[in-house]
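S.K.: This is what each chain is made of:
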Amino acid sequence: MYFRLIRNDMAKSKLITLTTTIFVAAAAMLVSLAAILIVNLTGAIDTLMTRAETPHFLQMHAGEIDRARLTEFADQNSNVDEFQVLEFLNMDGARIILGDRSLADRVQDNGFSVQSDRFDYLLDLNGNIISASDGELYVPIGYMRDHTAQVGDRAIVGGKEFTVAGFLRDSQMNSMLSSSKRFLVSANDYAEIKSLGSTEYLIEFRLKDLSALGAFETAYASAGLEANGPTITYPLFKMINAISDGMLIGVILLVSVLVAAIALMCIRFTLLAKIEDDYREIGVMKTLGLRVSDIKKIYLAKYAAIAAAGSVLGFVLSLVFKDMLLENIRLYMGESGHFSLALFIGLIGILFVFLAITAYVSGVLRRFRRISAAEAVRFGTSQEKAMGTRHMLLSQNRLLNTNIFLGVKDVLARKKLYATMLTVLVLSAFIMIVPQNLHNTISSKSFIEYMGIGSYDMRIDLQQTDHISEKAAEMVETMRSDKAITKYAVLATKTFKVKEAETGSDQNIKVELGDHSIFPIAYSQGRAPAAADEIALSTLNAEELSKQVGDVITLVIEGKDKNLTVSGIYSDITNGGKTAKAGFTDHSSDVMWYVLCAELADPSIIDSKVADYAGRFAYAKVAGIDEFIAQTFGSTISSALQASYAAIAVALTIMVLVTLLFMKMLVAKDRYSIAVMKALGYTNADIQVQFISRSAFVLIIGMAAGTLLANTLGEMLAGAVISSFGASAFHFTVDPLAAYLLSPLMMIGSVLIATIIGTSGTGRIKISEHIKE
Amino acid sequence: MKTMLIGDHIVKSFREGAEKRNVLGGVSVEIDEGEFVAVMGPSGSGKSTLMFALSGTDSVDNGQVCFDGRELSKLGENELADLRRTQMGFVFQQPTMLKNLNILDNIILLSMRDGSRNPAEIVEKARALMKRVGIAELEKRDIAQVSGGQLQRAGICRALMNNPRIIFGDEPTGALNSQSAQEIMDIFSEINAEGTAVMLVTHDAKVAARTERIMFMRDGIIASELKLPKFNGTGTDIDERVKQVTAKMREIGI
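Chains F and S supply the protein sequences, listed in that same order. Going by the numbering used here, the first residue of the first sequence is number 1, and it counts up by one from there. Going by the numbering used here, the first residue of the second sequence is number 774, and it counts up by one from there.
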C-alpha cells in the first residue's frame, strides 16, 4: 500500500520530488566525497610517512653543532631507535633557476640535501627511495604542481648546472604550508655548492615507542642540547601534511552542510504544505482511531524513498567525481591503498545523510500530535492564528496596489512557511556576495597598501646587475628631470645581521632603505619609520623576532651594533613576507636590489611611460603597477575571480531552483484561494502579480539580510582567509555597482523568472474543479 | 422583460479515465433581466456545471453562451474575469473566503482590485451592506470566528459590492440550518425585488419554491420547468409552493 501511495504522490508532484531528490543527492555526494577523501588522505599520509620513515622528533638547528654530545644522548636514551643529523643547505631563491625561472620571488626557503642513508628518505613519485647521480637535481613536488619545472629542464644553482631528473615527495616538507623545501642532489654536487648558502642541521630521532614521545621531548630539552630552530614531532608532521587537503575536506563538509540544510528546508516546506493540505484527512484518520505513529509512517515512507534515491544517486556521483579531488592527494602523497575502506566509509556517510533526513522528517511530523481531530474535521484547516497581520487591513490600505498588498500580507501571515524560503535566499545572497567582495577587495588598488606595496603608477626593479648603484643613480637623474613624473621614491634593499640577545646567534634581515613617507603603505600597528633610529617590520618578521611596536631591535650596521625602535608592523606579501623598512643611511653593505617608484601626472600615459623607460634602461624591470600586481598575486586574484563567478552561478542556481520549487508548491497549496479569486473576477495576471509580490518581498528581506551578513560575518571569514597571505588588517572594499546594483539585479531577475515560471500553473487552475460542493 | 443570458444547446463532458461522460447534453436556457430562477436536480444531474458554464467560469464543448449579446467563448480570460467581476456576483455553498483576510477585507477584496475607485467609498458601501444583512458588528472578525450563516451573509455582501446584474448561488443554503437558510433566502428575495436577477442551484424544494421559475435537470438535460407567481412572503404561500414543486419532482421522477 505504501508503494502505491508514494508512487501516486510523486507522480502528482514530479518537479518538487525531483528538486528535493537533487538536493539530497548533492548533499549525499559531498558527504560521501568528504568521507572518501578523509580515508584516502589519512591512508596516503600513513603510506608516505611509513615509506619515508619520517623522524619522530626533529630539532632544526642553525649554528655550531656538537655531534659527539648528541650521539651520546642518543645512546643513553633507551627509547631512541635511530638517530641522525642531516644537513640542509639554505639558499637564496635568487640563486636557484629552474628552466628559465628564478625562485627569487618564492615565499619558501629553498635548500639542498643529500639522500639520507638511515631514515627520513626523499621518495620518487612511485614511492621509491631516490638516489641522485652527479648533475641530477630532484625538485620538490610542489614545483611540478605549479608548472615551475619539468623533468629534463636545465637548472642552475649558483652558477652550477644541473638537469631536473625528477620530482620528490618529502614527508616533512611536502606541504605548501611548510616554509622550507628540500631539493635533492648527489653528495659530490652538494659539496660543490655548499659554500653558496648557509647550513642548517636537522637533528632527527626515531623512537622505539612513539607513545613516549612526550617524555623524550622533555628529556631532549632538559639535556640542554642544540635547539636554535623549531622542534617538530611526528604528530605535527602528520598534521602539516594533512592540513591543505584537510582544508579542502573542511570546505566540502561545510558546503555539504549548506546543501543539506537547503535540502532539509525544501523538505520542511513541502511537508508543512502537505500537512496543511491533508489536514482534514489527518483529523479523520485520528478520529477513526489510527495512531499518530501509523499516520506518520505514510508520510515518512515518501521522504524515506526520496532520501534513499537521493543518497544512492549521491553515492554514485561521488564515485564519479572522487578521482578529480583525489588528484592532489595522489600527487603529493601517493596512493592510500585503502580503496575498499574508503568506499565503506563513504557508504557510512551516505547512511548518515539518509538517517539525518528521515530523523528530520520524523521531527517535523511530530506536529501531528498537535492536530486536534475535532478541529480538523470541523474546519478542515489549522486554526493556528497568523500573528502580526491583524492590523494590516485591506480596508485601510491606501498605499499599495491591492495585488501587491495581498502578496505582502500573505508572507506576513504565513511567516513560518516563508521563513524557509527566506533562509535559502539569505544563504544564497551570502554565497554570492562574499567571494565577490573578496575578489573586489584584493584586486582594488588600495588593497596593495595592505600588502606592503605603496600606491604608485610605475615601478622599476633593478637587481642582479653590475654597478647597481651607478645605474640606480642614472635612473633617478632621468626621473628627476622627467616632467611627467610628479613624485618618485628610491628604495634600496640591503641585508643586515640581527643580534638576538636571548640566543646570541645572528640572523639576517632584509631592510628596505629610503623615504617611506612618499608612497605610504598601510600599517596594521604603528606607523612608518620616520627617524633614523626607527624600523618597521613585516608581520612575519615581527613574529619570528617576537617584536612588537616600541620594542628595540639591534642590527649590525657598518660593523657596529645599532639599536632601532620598531615604529610599525605591516603586512607584506613580497619577498616571502619577511621584510623591514627603515630610513637610516648605510654605506657599508651592498645593495641587493633597488625599487624605484613613481607617480605620473597623467595616469593615462602609464603604458607609454613604461615602454619609454623599459627601452631606455634595458637592465631594469619596468612595470606599470597593475602589471606588477598581476605578476605578484595575479594568480590569487584570478582564482578569487573564478571563485566569485562560480559562487554567483551556484547561488543563482540555488535561488532559481528553490524559488521554482516553492512557487510550484504554493500554487498547489493555494489552488483553492486562487480558484475563488478567479471565480470572483481576478485575472490570471492579478494572481501572478500577487505571487510575484510574495517572492519579491521575501527576496528584498533576503537580499538585505544576506548583504548585511556578508559584510559582517563574511568580512570576518574573508579576513581569516586573507590573513593567511600575511595581511592582518582587513576590510572589504565593496564595489557599489556590483554589490548594490548588479548582484541584486541578478538575484531579482532570477527569482522573478523562477516565480513567473513557477506560477504559470495558476492559469490552468479550473475554477469549477475547486469550488465543488 | 429583456433576455440577459442565453445558453444555446450547451454540451459539456468530462473524462473519467478512458470514458467520456456527458454532463450537459445540449441544454438551452434563457434568463431575463431581474428574473428569479432556480435549477433543481439530483447529484450529478449537471446543475452546477450549467451554472459554471452560464457564468463563463468554465468553457463549453459545444453550443454557446451569450451575456448581453456577447458570446462568452469569444472572450479572453481577462475579459471573462472582468465580466464576472463587474456584472455578476457569486455565492457558494462553502464559504469561499480567504483565510488571511478578515470579514470586511474579504468583502471589499474585489472592489479594491480596481485601483481607480475610492477606497473610502468602497469601505462605506461594504459597511452599509453588512448592516443590511445584519453582520455590521463582525467586520473585524476572522473568518474562523463567525458562524456558517454569518459567513454566507458576508458572501452575499461580497457578491453585491459591484452592483451585479445577476447573482449566481450554488447551494447557498446547503450548509445552513433551516432558520439561517430562511433568512438568507429573505435576503435573496429582497435583492431580486430591487431588480437584480438571481439564479440558484439547489436540492432543496423549500429554497426553489421561493423563486419564480424552476428548471428541473436530469442526466444533463432540462427535463421540465415550473413557473410560479411572485412569492408574497407568508407561511401558507410557501407551503403551497413547496407542494407544487415536490409534485412536479415526483411527476418527472427526480
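None of these hints come from the bench; they were simulated from the model. Hints are not guaranteed to be accurate.
Said to hold, decoys possible - Result set (DSS-like, lysine-lysine): computed pairs, CA atoms no more than 27 Å apart in a straight line:
id: 1; chain 1: S; residue 1: Lys-793; chain 2: F; residue 2: Lys-766
id: 2; chain 1: S; residue 1: Lys-913; chain 2: F; residue 2: Lys-669
id: 3; chain 1: F; residue 1: Lys-416; chain 2: S; residue 2: Lys-979
id: 4; chain 1: S; residue 1: Lys-913; chain 2: F; residue 2: Lys-766
id: 5; chain 1: F; residue 1: Lys-621; chain 2: F; residue 2: Lys-471
id: 6; chain 1: S; residue 1: Lys-904; chain 2: F; residue 2: Lys-274
id: 7; chain 1: F; residue 1: Lys-297; chain 2: F; residue 2: Lys-621
id: 8; chain 1: S; residue 1: Lys-1016; chain 2: F; residue 2: Lys-12
id: 9; chain 1: S; residue 1: Lys-1000; chain 2: S; residue 2: Lys-775
id: 10; chain 1: F; residue 1: Lys-560; chain 2: F; residue 2: Lys-296
id: 11; chain 1: F; residue 1: Lys-12; chain 2: S; residue 2: Lys-793
id: 12; chain 1: F; residue 1: Lys-621; chain 2: F; residue 2: Lys-194
id: 13; chain 1: S; residue 1: Lys-793; chain 2: S; residue 2: Lys-775
id: 14; chain 1: F; residue 1: Lys-560; chain 2: F; residue 2: Lys-547
id: 15; chain 1: F; residue 1: Lys-471; chain 2: F; residue 2: Lys-499
id: 16; chain 1: S; residue 1: Lys-1003; chain 2: S; residue 2: Lys-979
id: 17; chain 1: F; residue 1: Lys-471; chain 2: F; residue 2: Lys-487
id: 18; chain 1: S; residue 1: Lys-1016; chain 2: S; residue 2: Lys-775
id: 19; chain 1: F; residue 1: Lys-547; chain 2: F; residue 2: Lys-510
id: 20; chain 1: F; residue 1: Lys-766; chain 2: S; residue 2: Lys-1000
id: 21; chain 1: F; residue 1: Lys-669; chain 2: F; residue 2: Lys-12
id: 22; chain 1: F; residue 1: Lys-494; chain 2: F; residue 2: Lys-415
id: 23; chain 1: F; residue 1: Lys-160; chain 2: F; residue 2: Lys-296
id: 24; chain 1: S; residue 1: Lys-1000; chain 2: F; residue 2: Lys-669
id: 25; chain 1: F; residue 1: Lys-494; chain 2: F; residue 2: Lys-483
id: 26; chain 1: F; residue 1: Lys-499; chain 2: F; residue 2: Lys-487
id: 27; chain 1: F; residue 1: Lys-669; chain 2: F; residue 2: Lys-487
id: 28; chain 1: F; residue 1: Lys-415; chain 2: S; residue 2: Lys-872
id: 29; chain 1: F; residue 1: Lys-14; chain 2: F; residue 2: Lys-669
id: 30; chain 1: F; residue 1: Lys-14; chain 2: F; residue 2: Lys-274
id: 31; chain 1: S; residue 1: Lys-793; chain 2: F; residue 2: Lys-415
id: 32; chain 1: F; residue 1: Lys-471; chain 2: F; residue 2: Lys-415
id: 33; chain 1: S; residue 1: Lys-913; chain 2: F; residue 2: Lys-416
id: 34; chain 1: F; residue 1: Lys-194; chain 2: F; residue 2: Lys-416
id: 35; chain 1: S; residue 1: Lys-1003; chain 2: S; residue 2: Lys-1016
id: 36; chain 1: F; residue 1: Lys-160; chain 2: F; residue 2: Lys-194
Stated by the list, open to error - Partial list, computed: chain F residues near chain S (C-beta under 7 Å):
id: 37; residue: Glu-327
id: 38; residue: Leu-393
id: 39; residue: Leu-394
id: 40; residue: Ser-395
Just so it is clear, the structure is predicted and the values come from calculations on it, not from any experiment. The beta carbon of each residue, even a glycine, is placed where N, CA and C say it ideally should be.
S.K.: Against this structure, judge whether each hint is valid.
M.R.: We went through each hint and held it up to the structure:
A threshold of 27 Å between alpha carbons decides the hint, and for Lys-793 of chain S with Lys-766 of chain F the separation of about 18 Å falls inside it, so the pair holds. Restraint check for Lys-913 of chain S and Lys-669 of chain F: satisfied, since their Cα atoms lie roughly 26 Å apart, inside the 27 Å limit. As the CA atoms of Lys-416 of chain F and Lys-979 of chain S are separated by approximately 46 Å, the hinted pair breaks the 27 Å bound. Among the hinted pairs, Lys-913 of chain S with Lys-766 of chain F is inconsistent with the structure: their alpha-carbon atoms are about 31 Å apart, more than 27 Å.
Restraint check: the Cα-Cα separation between Lys-621 of chain F and Lys-471 of chain F comes to about 13 Å, which is no more than 27 Å; the hinted pair holds. At most 27 Å may separate the alpha-carbon atoms for a hinted pair to count; Lys-904 of chain S and Lys-274 of chain F exceed this at roughly 39 Å. For the proposed pair Lys-297 of chain F and Lys-621 of chain F, the alpha carbon gap of about 74 Å is over 27 Å, so the pair is violated. Between Lys-1016 of chain S and Lys-12 of chain F the CA atoms are separated by roughly 49 Å; this puts the pair beyond 27 Å, and the hint is violated.
Using a Cα cut-off of 27 Å, the hinted pair Lys-1000 of chain S and Lys-775 of chain S holds, with the two alpha carbons roughly 18 Å apart. Of the supplied pair hints, the one linking Lys-560 of chain F and Lys-296 of chain F is violated, its CA atoms being roughly 85 Å apart against a limit of 27 Å. Annotation: proposed proximity of Lys-12 of chain F to Lys-793 of chain S holds, straight-line Cα distance about 22 Å (limit 27 Å). Taking the CA atoms of Lys-621 of chain F and Lys-194 of chain F, the gap is about 30 Å. The hint is violated against a cut of 27 Å.
For the proposed pair Lys-793 of chain S and Lys-775 of chain S, the alpha carbon gap of about 37 Å is over 27 Å, so the pair is violated. In summary, the hint linking Lys-560 of chain F to Lys-547 of chain F is supported, as the alpha carbons are separated by about 21 Å, within the 27 Å threshold. At most 27 Å may separate the alpha-carbon atoms for a hinted pair to count; Lys-471 of chain F and Lys-499 of chain F exceed this at roughly 32 Å. Proximity of Lys-1003 of chain S to Lys-979 of chain S is assessed by CA-CA distance (about 15 Å); at most 27 Å being required, the pair is judged to hold.
Only pairs whose Cα atoms come within 27 Å are accepted, and Lys-471 of chain F paired with Lys-487 of chain F is accepted, the gap being roughly 19 Å. For the hint linking Lys-1016 of chain S to Lys-775 of chain S, the alpha-carbon distance of about 30 Å lies beyond 27 Å, and the restraint is violated. A distance of roughly 16 Å separates the Cα atoms of Lys-547 of chain F and Lys-510 of chain F; the hinted pair therefore holds under the 27 Å criterion. Of the pairs offered as hints, the one joining Lys-766 of chain F and Lys-1000 of chain S is violated, with about 34 Å between alpha carbons and a cut-off of 27 Å exceeded.
Simply put, Lys-669 of chain F and Lys-12 of chain F have alpha-carbon atoms about 13 Å apart, close enough for the 27 Å limit, and the pair holds. For the proposed pair Lys-494 of chain F and Lys-415 of chain F, the alpha carbon gap of about 66 Å is over 27 Å, so the pair is violated. Pair hint Lys-160 of chain F plus Lys-296 of chain F does not hold up; C-alpha atoms about 78 Å apart against a cutoff of 27 Å. Between Lys-1000 of chain S and Lys-669 of chain F the alpha-carbon distance is near 44 Å, which puts this suggested pair outside the 27 Å criterion.
About 30 Å separates the Cα atoms of Lys-494 of chain F and Lys-483 of chain F, which puts this hinted pair outside 27 Å; it is violated. For the suggested pair Lys-499 of chain F and Lys-487 of chain F, the alpha carbons sit about 36 Å apart, so the restraint of at most 27 Å is broken. For the hint linking Lys-669 of chain F to Lys-487 of chain F, the alpha-carbon distance of about 70 Å lies beyond 27 Å, and the restraint is violated. Between the alpha carbons of Lys-415 of chain F and Lys-872 of chain S the distance comes to roughly 14 Å, so the proposed pair stays at or under 27 Å and holds.
Simply put, Lys-14 of chain F and Lys-669 of chain F have alpha-carbon atoms about 15 Å apart, close enough for the 27 Å limit, and the pair holds. As the CA atoms of Lys-14 of chain F and Lys-274 of chain F are separated by approximately 14 Å, the hinted pair is consistent with the 27 Å bound. Simply put, Lys-793 of chain S and Lys-415 of chain F have alpha-carbon atoms about 44 Å apart, too far for the 27 Å limit, and the pair is violated. A hinted pair counts as satisfied when its Cα atoms are at most 27 Å apart, and Lys-471 of chain F with Lys-415 of chain F does not qualify at roughly 73 Å.
For the suggested pair Lys-913 of chain S and Lys-416 of chain F, the alpha carbons sit about 24 Å apart, so the restraint of at most 27 Å is met. Only pairs whose Cα atoms come within 27 Å are accepted, and Lys-194 of chain F paired with Lys-416 of chain F is rejected, the gap being roughly 72 Å. Between the alpha carbons of Lys-1003 of chain S and Lys-1016 of chain S the distance comes to roughly 16 Å, so the proposed pair stays at or under 27 Å and holds. A threshold of 27 Å between alpha carbons decides the hint, and for Lys-160 of chain F with Lys-194 of chain F the separation of about 11 Å falls inside it, so the pair holds.
Hint status for Glu-327 of chain F relative to chain S: violated, with the closest Cβ pair at about 55 Å, above 7 Å. For Leu-393 of chain F, the interface hint holds, since its Cβ comes within 7 Å of a Cβ in chain S; the closest pair sits about 6 Å apart. The interface hint given for Leu-394 of chain F is met, as the beta carbon of that residue sits about 4 Å from the closest beta carbon of chain S, less than 7 Å. Look at Ser-395 of chain F: its Cβ gets to within about 5 Å of chain S, closer than 7 Å, so that hint holds up.
Going down the numbered hints, you'll see the structure goes against 3, 4, 6, 7, 8, 10, 12, 13, 15, 18, 20, 22, 23, 24, 25, 26, 27, 31, 32, 34, 37, while the others check out.
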